[in-house]
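Residue numbers (the working numbering), protein chains in the order written: chain A, 1 to 624; chain B, 1 to 103; chain C, 1 to 482.
Quick caveat, the hints were computed from the structure, so don't treat them as lab data. Be a bit skeptical, because a hint or two may be false.
Looking from chain C toward chain A, a few residues come up when the C-beta cut is under 8 Å (computed) [claimed, not checked]:
{"hint": "1", "residue": "N325"}
{"hint": "2", "residue": "A382"}
{"hint": "3", "residue": "A415"}
{"hint": "4", "residue": "G453"}
Below, a list of computed lysine-lysine pairs in the DSBU-like style, where the Cα atoms sit at most 35 Å apart [as the list claims (entries may be wrong)]:
{"hint": "5", "chain 1": "A", "residue 1": "K590", "chain 2": "A", "residue 2": "K571"}
{"hint": "6", "chain 1": "A", "residue 1": "K575", "chain 2": "A", "residue 2": "K376"}
{"hint": "7", "chain 1": "A", "residue 1": "K575", "chain 2": "C", "residue 2": "K444"}
{"hint": "8", "chain 1": "A", "residue 1": "K28", "chain 2": "C", "residue 2": "K444"}
{"hint": "9", "chain 1": "A", "residue 1": "K571", "chain 2": "C", "residue 2": "K292"}
{"hint": "10", "chain 1": "A", "residue 1": "K456", "chain 2": "A", "residue 2": "K165"}
{"hint": "11", "chain 1": "C", "residue 1": "K292", "chain 2": "C", "residue 2": "K444"}
{"hint": "12", "chain 1": "A", "residue 1": "K571", "chain 2": "C", "residue 2": "K22"}
{"hint": "13", "chain 1": "A", "residue 1": "K370", "chain 2": "A", "residue 2": "K575"}
{"hint": "14", "chain 1": "A", "residue 1": "K463", "chain 2": "A", "residue 2": "K165"}
{"hint": "15", "chain 1": "C", "residue 1": "K444", "chain 2": "A", "residue 2": "K165"}
{"hint": "16", "chain 1": "A", "residue 1": "K456", "chain 2": "A", "residue 2": "K376"}
{"hint": "17", "chain 1": "A", "residue 1": "K463", "chain 2": "A", "residue 2": "K376"}
{"hint": "18", "chain 1": "C", "residue 1": "K292", "chain 2": "A", "residue 2": "K114"}
{"hint": "19", "chain 1": "A", "residue 1": "K165", "chain 2": "A", "residue 2": "K590"}
{"hint": "20", "chain 1": "A", "residue 1": "K28", "chain 2": "A", "residue 2": "K165"}
{"hint": "21", "chain 1": "C", "residue 1": "K292", "chain 2": "A", "residue 2": "K165"}
{"hint": "22", "chain 1": "A", "residue 1": "K590", "chain 2": "B", "residue 2": "K28"}
{"hint": "23", "chain 1": "A", "residue 1": "K114", "chain 2": "A", "residue 2": "K456"}
{"hint": "24", "chain 1": "A", "residue 1": "K590", "chain 2": "C", "residue 2": "K292"}
{"hint": "25", "chain 1": "A", "residue 1": "K590", "chain 2": "A", "residue 2": "K463"}
{"hint": "26", "chain 1": "A", "residue 1": "K114", "chain 2": "A", "residue 2": "K376"}
{"hint": "27", "chain 1": "B", "residue 1": "K86", "chain 2": "B", "residue 2": "K28"}
{"hint": "28", "chain 1": "A", "residue 1": "K575", "chain 2": "C", "residue 2": "K292"}
Distance windows between CB atoms, simulated [claimed, not checked]:
{"hint": "29", "chain 1": "A", "residue 1": "A597", "chain 2": "C", "residue 2": "F24", "range": "30 to 36 Å"}
{"hint": "30", "chain 1": "A", "residue 1": "A597", "chain 2": "B", "residue 2": "V22", "range": "56 to 62 Å"}
{"hint": "31", "chain 1": "A", "residue 1": "T484", "chain 2": "C", "residue 2": "N270", "range": "26 to 32 Å"}
{"hint": "32", "chain 1": "C", "residue 1": "V165", "chain 2": "A", "residue 2": "W622", "range": "41 to 47 Å"}
{"hint": "33", "chain 1": "C", "residue 1": "N270", "chain 2": "A", "residue 2": "Q219", "range": "31 to 37 Å"}
{"hint": "34", "chain 1": "A", "residue 1": "R574", "chain 2": "C", "residue 2": "V165", "range": "46 to 52 Å"}
{"hint": "35", "chain 1": "C", "residue 1": "S449", "chain 2": "A", "residue 2": "A464", "range": "40 to 46 Å"}
{"hint": "36", "chain 1": "C", "residue 1": "V165", "chain 2": "B", "residue 2": "Q88", "range": "39 to 45 Å"}
{"hint": "37", "chain 1": "C", "residue 1": "E446", "chain 2": "A", "residue 2": "T564", "range": "56 to 62 Å"}
{"hint": "38", "chain 1": "C", "residue 1": "I34", "chain 2": "A", "residue 2": "N573", "range": "31 to 37 Å"}
{"hint": "39", "chain 1": "A", "residue 1": "D74", "chain 2": "C", "residue 2": "A361", "range": "47 to 53 Å"}
{"hint": "40", "chain 1": "A", "residue 1": "Q537", "chain 2": "C", "residue 2": "S449", "range": "52 to 58 Å"}
For every residue, glycine included, the Cβ atom is placed at its ideal position computed from N, Cα and C.
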Amino acid sequence: MMILAWLPFYPLISFALLIAFQRQLSWKLASVISVTTVLLSALSSGYLMWQLSFNDVTTLSVNLWQWFTLTSFDTGDTHQVNIAFYLDRLSAVMVCVVSGVGFLIHCFAAAYMKEDPHFHRFMAYMNLFLVAMLLLVLADNLVLLYLGWEGVGLCSFLLIGFWYKVPENAAAARKAFIITRIGDTALVIGLLFLFTSLNSLEINTLNTLAQGEWPLTEQRTFWITILLLGGAVGKSAQLPLQTWLPDAMAGPTPVSALIHAATMVTAGVYLIARMHHVFIQSPEVMTLIAWIGVLTLLIAGITALVQSDIKRILAYSTMSQIGYMMLALGAGAWSASVFHLMIHAFFKALLFLTAGAVIYALHHQQNIFKMGGLLKRLPVESAFFIVGLACLVALPGTSGFFSKEAIIGHLWQSPTAGPIFWWLAIIGALITSIYSCRLFFLAFMGSARENISIVKSDGVLIKASLSLLVILSLFGGWLNIDLTTVFQPLTTQVMKQEPSWLHSVAVATPFIGIAFSWWIFREYRLGNSTKIAQSYQSIQTNRVKRWCYSGLGFDSLYTHLVVTPFMFIAKVNRKDLIDQLVMLCAWYAKLLRDVAASLQNGLLRWYAAAFACGLMLWLGAWLV
Amino acid sequence: MTAIPLEHILILASILFLIGFVGVIVRKNALFILMSLEVMLNATGVAFIGAGSVWQQADGQVMFMLILTLAAAEVAVGLALLIRMKHQYRSLDIDVLSDLKGQ
Amino acid sequence: MIILLMIALLLVFALLAWRVEKYFIQAPKVVALIAVVIASFLFCFQLFQAEHRFEVWTVIVDATWIEAFNIKLQFSLDQLSILLISLTLLLAFIAIAISWQEVSERQGFYYFNILCAIAGIIGVFAASDVFLFFVFWEVMLLPITALIAIWGHENRYFAAVKFFVFTQVSSLCMLVAIIMLAFMHQQQVGQFSFLYSDWQQLAFSPETATFLMIGFFIAFAVKLPSVPFHSWLPDAHTQAPTAGSVLLAGILLKTGAYGLIRFVILLFPNASMQFAPIAMTLGVVSVLYGAKMAFAQSDCKRLIAYSSISHMGFVMMALFAFNYNAFNGAIVTIIAHGISSAALFCLAGMIYHRIHTRDLAQMGNLALSAPWMAGVTLVFVAAAFGIPGLANFIGEFYSLLGVFAVSPLHALLAALGMIGSAIYGLRLFQTAFHGVKRDNTSTKIEDLSIREGAICLVLAVLLFLIGIYPQVLLQFTFQGGY
């Protein structure tokens with residue numbers, strides 16, 4: 001049990017060391033410390049995964065200490081909230097993904113960020129992030145989960161704004177934190193609701209309750225699940241809180257890979273999967289999740305079609321892939337969702353890191369319209385990128401194929417989804433392959449449009465970590481994870497008959513997309529510079545394209561709806577209206593004083609007049 | 001000799017008093033204020049004498065003598081102050097002397 | 001007798017600090033430090049010497065003072081008082097440490113005021129004769145006013161007078177209630193009494209109870225402060241010298257919370273129960289309004305001051321929810337806010353000491369030259385916006401949970417305050433430490449000195465400790481009367 005208890009805390013040691021000694025540590029020592037501690041976590045999680053898979057243990061748990069106690073409102077019993085970890089197949093898979101992919105990305109980052117003057121701080125934040133993420137995944141109760149949840153949010157804020165001198169980066173960091181914070185607040189309210197209704201916040205207890213006789217009314221369940229969903233939507237950048245993710249790409253590339261592709265953004269998916277017994281109680285919310293997923297994946301896909309920044313394309317594709325996971329969750333395809341989460345972590349990390357390597361080689365050029373011809377100039381990176389894209393579009397044989405097919409295959413028959421979701425998901429897959437091809441043609445084919453010399457990166461670490469990710473992306477699909485002990489399938493009444501062409505259409509979709517783009521993007525493919533320049537112009541001039549480019553206008557909508565009124569009220573009331581009212585009393589007292597003082601003007605003749613008037617008044621009163 | 005009615009005397013006294021009072025209020029020059037004060041004093045003198053003759057008593061005239069001496073003394077002090085004022089402020093404007101009012 | 005000794009000692013040392021300046025210019029701070037150290041030792045001695053754990057309000061000093069009105073010199077302690085007195089002593093150390101090099105003029109009188117304020121505050125937390133309580137209530141007020149008026153910033157007279165008038169007017173309401181209660185005691189028992197324990201035996205009609213309760217409530221709501229009585233606080237906190245802000249935010253506001261618990265909720269349980277919806281609403285309004293106003297400020301001390309209003313709104317709301325969770329929440333928030341806001345004011349003071357401005361627009365990119373300062377600021381800002389693992393989260397979570405059980409709507413609205421706190425917290429942190437100044441220059445400042453680092457370290461460690469192991473506080477939780 002010691003292994004489980006220590007698992008999340010190894011990177012914390014590294015964090016403490018790096019923060020305490022900072023530049024006194026050489027680059028070598030600092031990277032060894034930070035990478036090794038992550039490796040320790042990864043090894044422990046591998047060991048625990050092995051235990052869970054091949055021994056008879058189904059769950060492991062360890063209780064570290066009692067955090068605080070809550071008192072039940074109606075019975076007066078106390079309920080302990082512990083710092084405790086709980087490991088079953090689901091959390092084991094997550095831990096392996098987080099620490100494994102985390103390890104590879106740390107290796108990459110150590111080489112990639114070598115020149116940065118704040119290298120130590122960067123690695124320290126990355127380590128802290130992993131601690132929080134592991135706590136989130138291992139948490140035995142929702143409050144501890146929330147600790148990890150906020151922890152990853154804070155680290156994400158710090159890392160997005162890592163190059164804080166650029167105001168845009170700071171703004172992106174702030175935006176990410178505040179928008180996810182809105183979701184987090186929903187989550188907290190959900191926790192309050194859960195505890196007042198069920199007197200427990202332990203995930204196991206809640207799930208057990210949900211498996212037996214569910215004590216809550218439909219309406220309560222609805223609100224609880226909606227609120228939990230709110231948290232998930234914020235963290236996983238789904239509709240309607242999706243706008244922070246593309247801006248979050250302001251951070252260094254390893255951050256985008258680790259936090260905004262592989263791990264943190266999937267926390268929402270994990271939360272719903274973790275609490276799926278509760279979500280099952282509310283079919284409406286399940287359908288809502290499916291809708292959110294499918295809409296997000298379409299919106300993100302459409303937006304990715306017109307982007308010019310390679311990292312933003314990948315960010316939108318992340319959003320859309322998480323949309324698939326959400327869709328799977330909504331359809332009750334729990335294992336498929338978690339499977340896709342894992343596979344996506346592999347290939348998206350690969351894509352981001354390779355993109356990072358490319359960007360580094362091109363002197364921080366991120367605009368795909370200015371790249372071109374990379375296939376010849378950076379053959380190794382191109383090969384890696386092709387593998388990643390193949391997984392993303394789900395070409396048969398790659399791991400992405402297995403996971404995406406698993407999701408799409410569940411949709412038609414699902415009681416909470418249905419044929420319409422299947423069709424939308426297929427359209428989404430089509431869009432995915434189109435934007436992937438567009439990206440590939442523009443950046444890697446044709447000829448170089450800007451004559452920039454290639455910066456050779458010598459990192460063995462970079463190549464090694466990328467190769468490992470390639471292997472995982474290609475063959476990860478054969479990893480057999482059996483989550484049936486964790487997940488409860490949706491109870492289906494009558495099976496709707498699946499049409500026989502269903503499967504072949506799904507398999508054919510990426511090829512149709514590729515063929516379509518082969519034809520429509522032929523100018524890009526052939527490297528026709530004038531055409532490319534024209535279409536780059538048209539992003540700004542064409543209104544439809546501009547609208548798509550801005551993420552379907554959600555940002556400006558929120559700016560007008562929320563931000564501007566908020567700023568307006570803040571500006572109007574900067575002086576504090578209530579204070580002004582209070583100061584009115586003071587002003588009134590001052591007025592009285594002034595009136596009284598003005599009578600004492602020192603002018604003799606005024607005094608005489610006042611004297612006479614007073615006398616006359618007095619006499620008059622006396623006579624009358 | 002027909003007796004003058006008391007009302008007439010009192011009206012005369014009031015008019016004199018009013019003239020004096022208006023003089024006090026509207027004049028800025030301290031000298032004129034002093035003179036107006038004299039007029040007011042004389043108005044009371046007239047009222048006293050009239051009342052004395054109506055009641056056939058000497059008290060009214062005694063009072064008038066008193067007022068006369070009082071006025072003389074007052075004018076003596078007042079004129080002395082006036083000279084000091086002229087000396088110090090180079091003006092007889094009474095409003096110059098408003099230092100006691102504070103702010 | 002020890003508590004009386006503590007207060008007397010602090011007052012005597014206060015006089016000593018004042019006088020000794022004539023002979024040794026640096027001596028007053030040492031005298032002040034020694035006084036607080038001895039007082040802390042005495043306090044620990046008092047706690048260890050007693051056999052019981054102070055679960056109820058136990059009388060420890062009892063002497064006659066003014067016989068004609070049966071006023072006594074009575075002090076009592078229970079866990080709540082002990083907790084708050086400990087906080088007071090801790091922040092007394094911080095206040096002295098933070099002024100160690102900041103204050104150079106009239107040091108003797110400065111430390112005289114600080115020690116007097118601390119003596120008064122300890123008296124407030126320990127007095128169980130209400131007349132005595134009122135005396136201490138006034139005693140703590142004057143030195144703080146003097147601190148603001150003499151060592152404050154540019155607009156100090158205005159702030160000091162505003163502070164003084166607000167507190168005086170509000171404590172007048174309390175005085176009326178106190179006198180009425182003493183007379184009621186005379187009517188019902190035949191003798192004057194100002195003893196809290198005697199008052200608990202009195203019988204009130206509901207209307208009288210409400211009337212008296214409101215009298216106390218206003219005094220403490222102003223001190224807490226709650227909207228709409230809050231407007232003295234931004235001025236006073238902003239204009240006060242750093243140590244003054246630390247004392248004000250750290251402890252003085254807590255006397256309001258303490259008063260609400262002791263004299264409103266425990267003395268008039270039924271009346272306050274009826275008043276609860278209004279009080280909770282005031283709390284929620286404070287939470288949201290404070291957060292909103294904090295965001296709009298450009299003066300960093302003012303920003304922190306408004307954030308205090310927001311946090312104390314949680315306390316007000318939780319206290320009137322009448323359940324264990326909420327009560328725990330209020331207690332933890334009181335302590336956590338005491339520490340975190342004191343820390344933030346210390347940092348604001350350190351920045352002011354270096355660049356002589358409190359205007360956020362004049363800062364920017366301070367993290368480059370002062371990374372440690374940026375780091376600790378982040379910790380305290382994170383505490384203020386309730387990152388779990390730090391003390392404030394426990395308080396907020398408990399409060400929200402307790403309030404949610406009674407009135408979900410209030411909890412829901414108050415939870416929005418968590419978003420608000422993130423917004424102003426990030427604004428404070430980012431504009432000061434990240435980005436660049438508008439004129440594109442960056443100010444180079446010295447990083448934390450060892451003294452400053454130690455102050456921050458102590459406070460940060462306490463926040464972490466309470467955040468991950470709140471049992472240290474909760475075992476104190478005083479539940480008498482609940």
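The hints, checked one at a time:
For N325/C, the suggested interface contact is upheld, since its CB lies about 5 Å from the closest CB of chain A, less than 8 Å. Among the interface hints, the one on A382/C holds; its C-beta lies about 6 Å from the nearest C-beta in chain A, closer than the 8 Å criterion. Look at A415/C: its Cβ gets to within about 5 Å of chain A, closer than 8 Å, so that hint holds up. Here the hint on G453/C is broken, as its CB sits about 12 Å from the closest CB of chain A, past 8 Å.
With a CA separation close to 28 Å, the supplied pair K590/A and K571/A stays within the 35 Å bound. Note on K575/A and K376/A: the hinted pairing is violated, with a Cα-Cα distance of about 63 Å set against a maximum of 35 Å. Simply put, K575/A and K444/C have alpha-carbon atoms about 31 Å apart, close enough for the 35 Å limit, and the pair holds. Only pairs whose Cα atoms come within 35 Å are accepted, and K28/A paired with K444/C is accepted, the gap being roughly 30 Å.
Of the supplied pair hints, the one linking K571/A and K292/C holds, its CA atoms being roughly 10 Å apart against a limit of 35 Å. For the proposed pair K456/A and K165/A, the alpha carbon gap of about 27 Å is at most 35 Å, so the pair holds. Pair hint K292/C plus K444/C holds up; C-alpha atoms about 31 Å apart against a cutoff of 35 Å. A threshold of 35 Å between alpha carbons decides the hint, and for K571/A with K22/C the separation of about 50 Å lies outside it, so the pair is violated.
Taken as a hint, the K370/A and K575/A pair is broken in the structure, with Cα atoms around 50 Å apart against an allowance of 35 Å. Among the hinted pairs, K463/A with K165/A is consistent with the structure: their alpha-carbon atoms are about 30 Å apart, no more than 35 Å. The straight-line distance between the Cα atoms of K444/C and K165/A is roughly 15 Å, inside the 35 Å bound, and the hint therefore holds. Using a Cα cut-off of 35 Å, the hinted pair K456/A and K376/A holds, with the two alpha carbons roughly 14 Å apart.
At roughly 18 Å between alpha-carbon atoms, K463/A and K376/A fall within 35 Å of each other, so this suggested pair holds. Taking the CA atoms of K292/C and K114/A, the gap is about 42 Å. The hint is violated against a cut of 35 Å. Taking the CA atoms of K165/A and K590/A, the gap is near 49 Å; set against the 35 Å cutoff, the hint is violated. Note on K28/A and K165/A: the hinted pairing holds, with a Cα-Cα distance of about 27 Å set against a maximum of 35 Å.
Taking the CA atoms of K292/C and K165/A, the gap is near 27 Å; set against the 35 Å cutoff, the hint holds. Distance hint between K590/A and K28/B is fulfilled; the C-alpha atoms sit about 32 Å from each other, no more than 35 Å. Straight-line distance between C-alpha atoms of K114/A and K456/A comes to about 14 Å, which keeps the hinted pair within the 35 Å bound. Proposed proximity of K590/A and K292/C is supported: the alpha carbons are some 30 Å apart, at most 35 Å.
Our distance criterion of 35 Å between C-alpha atoms is broken by K590/A and K463/A, whose separation comes to about 77 Å. This hinted pair checks out: K114/A and K376/A have alpha carbons roughly 27 Å apart, not beyond 35 Å. With a C-alpha separation of about 14 Å, the suggested pairing of K86/B with K28/B holds against the 35 Å cut-off. Using a Cα cut-off of 35 Å, the hinted pair K575/A and K292/C holds, with the two alpha carbons roughly 12 Å apart.
In this structure the hint that A597/A and F24/C lie 30 to 36 Å apart at CB is violated, the actual value being about 48 Å. In this structure, A597/A and V22/B break the distance hint of 56 to 62 Å, their C-beta atoms being roughly 28 Å apart. Separation of T484/A from N270/C is about 57 Å and departs from the stated range, judged on CB atoms against 26 to 32 Å. Under the hint 41 to 47 Å, the C-beta atoms of V165/C and W622/A, about 42 Å apart, fit the expected range.
Taking 31 to 37 Å as the suggested C-beta distance range, the pair N270/C and Q219/A conforms, at roughly 34 Å. Restraint check, R574/A to V165/C: a C-beta distance of roughly 23 Å breaks the suggested window 46 to 52 Å. For S449/C and A464/A, the Cβ-Cβ distance of about 45 Å falls inside the hinted range of 40 to 46 Å, so the restraint holds. Between V165/C and Q88/B the CB atoms are about 44 Å apart, so this pair conforms to the stated range of 39 to 45 Å.
Between E446/C and T564/A the CB atoms are about 40 Å apart, so this pair departs from the stated range of 56 to 62 Å. Between I34/C and N573/A the CB atoms are about 47 Å apart, so this pair departs from the stated range of 31 to 37 Å. For the pair D74/A and A361/C, the beta carbons lie near 52 Å from each other, so the given range of 47 to 53 Å is met. A hinted range of 52 to 58 Å for the beta carbons of Q537/A and S449/C is consistent with their spacing of about 57 Å.
Violation of the numbered hints given earlier is confined to hints 4, 6, 12, 13, 18, 19, 25, 29, 30, 31, 34, 37 and 38; the remaining hints are satisfied by the structure.
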